[in-house]
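Assemble the whole structure, with the sequences as input and the hints as a guide.
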Amino acid sequence: NAGVMQNPRHLVRRRGQEARLRCSPMKGHSHVYWYRQLPEEGLKFMVYLQKENIIDESGMPKERFSAEFPKEGPSILRIQQVVRGDSAAYFCASSDRETQYFGPGTRLLVL
Amino acid sequence: ELKVEQNPLFLSMQEGKNYTIYCNYSTTSDRLYWYRQDPGKSLESLFVLLSNGAVKQEGRLMASLDTKARLSTLHITAAVHDLSATYFCAVEPGTASKLTFGTGTRLQVTL
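Protein sequence lines, in the order shown, are assigned to chains A and B. In terms of the working numbering, the first sequence is residues 12 to 122. In terms of the working numbering, the second sequence is residues 15 to 125.
Everything labelled a hint here was simulated from the structure, so no lab data went into it. Ideal Cβ placement from N, Cα and C applies to all residues, glycine included. It is possible that part of the hints are untrue.
[To be verified] Some residues of chain A that are not near chain B, with every Cβ distance over 12 Å (derived):
| no. | residue |
| --- | --- |
| 1 | L22 |
| 2 | R26 |
| 3 | E79 |
| 4 | P85 |
| 5 | G96 |
[Stated by the list, open to error] Computed cross-link-like contacts, BS3-like style, restricted to lysine-lysine with a CA-CA straight-line distance of at most 25 Å:
| no. | chain 1 | residue 1 | chain 2 | residue 2 |
| --- | --- | --- | --- | --- |
| 6 | B | K17 | A | K73 |
| 7 | A | K38 | B | K55 |
| 8 | B | K55 | A | K55 |
| 9 | A | K82 | A | K62 |
| 10 | A | K55 | A | K73 |
This is the structure:
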């Protein structure tokens, strides 16, 4: 049973470009969460999705950030017009309503 | 707003010694998690604590939960160098909801 998969593992973007981060949950899991970790800090919740639905987006910045979890395919976190402050590790977690299991993360660097 | 505090933030200890990490949280919650993170890596689930008085042990680590005091502890027995990592507690206020993380405790075990 493969774990949570994320790609890419590392992503470099210039200011103003778009970043797309993908997350495939564990088999049988229908709940996906996105968290952001700034350097030397803990993880901060961004958004919680189930298939085709956003359940809780209280941690998402109001502008430039969006997330989806389509019926088919991975969950996508999209950041438009990236700025240097977006540089962070973005982790996806999936659960079956019990423990949340984390993926390896995508480390985004904005130049 | 749920707040989760950990202390200490940094802990340097010698091999063979015992120590405890504390995690306080501000509101009633369903579950409390402990995770380990190595530098540049993802989060590894250590324990999930579900009820008052819960105690779980794995190797040299033991976690406990006191829901009345809103306190969890992670006790390290006879530390070894391999335990060096950052440890996070995280609180889940309701079933299948977002996690609120503590600030993390960076543990360094010296020879």
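Each hint tested on the structure:
| no. | hint | result |
| --- | --- | --- |
| 1 | L22 | 15 Å, holds |
| 2 | R26 | 24 Å, holds |
| 3 | E79 | 18 Å, holds |
| 4 | P85 | 17 Å, holds |
| 5 | G96 | 20 Å, holds |
| 6 | B:K17 - A:K73 | 22 Å, holds |
| 7 | A:K38 - B:K55 | 22 Å, holds |
| 8 | B:K55 - A:K55 | 16 Å, holds |
| 9 | A:K82 - A:K62 | 6 Å, holds |
| 10 | A:K55 - A:K73 | 15 Å, holds |
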